[in-house]
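Peer 1: As a plain string of letters, each chain reads:
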Amino acid sequence: DQQVKQNSPSLSVQEGRISILNCDYTNSMFDYFLWYKKYPAEGPTFLISISSIKDKNEDGRFTVFLNKSAKHLSLHIVPSQPGDSAVYFCAAFRSNYKLTFGKGTLLTVNP
Amino acid sequence: KAGVTQTPRYLIKTRGQQVTLSCSPISGHRSVSWYQQTPGQGLQFLFEYFSETQRNKGNFPGRFSGRQFSNSRSEMNVSTLELGDSALYLCASSLVTSGNNEQFFGPGTRLTVL
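Here the protein sequences come in this chain order: A and B. In terms of the numbering used here, the first sequence opens at residue 1 and continues consecutively. In terms of the numbering used here, the second sequence opens at residue 1 and continues consecutively.
By construction, these hints were calculated from the structure, which means they are not laboratory data. Just so you know, even glycine gets a beta-carbon here, dropped at the ideal spot from N, CA and C. Hints are all accurate, no fakes.
Simulated restraints, written as ranges between beta carbons of each label pair:
#1 A:D59 to B:P107: 20 to 30 Å
#2 A:R61 to B:V96: 25 to 35 Å
#3 B:N71 to A:P79: 38 to 48 Å
#4 B:S86 to A:N27: 25 to 35 Å
#5 A:P79 to B:G40: 28 to 38 Å
Pairs of lysine-lysine, DSSO-like flavour, derived with a Cα cap of 27 Å:
#6 A:K68 to A:K5
#7 B:K57 to A:K71
#8 A:K71 to A:K5
#9 A:K56 to A:K5
#10 A:K5 to B:K57
#11 A:K56 to A:K71
Negatives, chain A to chain B, calculated, CB over 10 Å:
#12 S8
#13 I18
#14 H72
#15 T108
Model the full structure from these sequences, guided by the hints.
Peer 2: Here it is in structure tokens:
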């Protein structure tokens, strides 16, 4: 039972344009969501997070939006840069439970 | 501050063997979580240790086990290796417990089972 789903295995965008990565979840008990970025041969690195009581969190070029009624969150990267090319993992947390990750989306930003 | 370190970085084993992977968390971090990453499956949670106690466990067979030492260093062991165990094994540490505390990942151990 996959509780966190990233339905797009890959996404390709032009440099300077917006990248939108999507994530859906099924467990309404999740109360915290995180995005991680992973380059090849490296471990994932934390990017940005959002509490379930918020609907938006912004950090520089990265913004995460949360729609609780739709059980959907998205990561917006504006403007996209070639260095953003990586695998992006969505993760969800419920108090006293483990962190649950999606399968990841490979983002390619073309110069 | 040194990051999370994992040893070895690469490992090749044959079916039926066992393997032990090591993880040293960031100094001061007391929680260590282990994940398995395979193509198409993302990060699958194995287990989390906090203060030498297993706090959470994922849906993996008993061949996968782990432990944490008093200095927060952790090891995971896989016995009777199968071809499907070939994966990148990632360790992550956090200050208190996983979840909304930011987890810092190590570079991983690439295990290949022949």
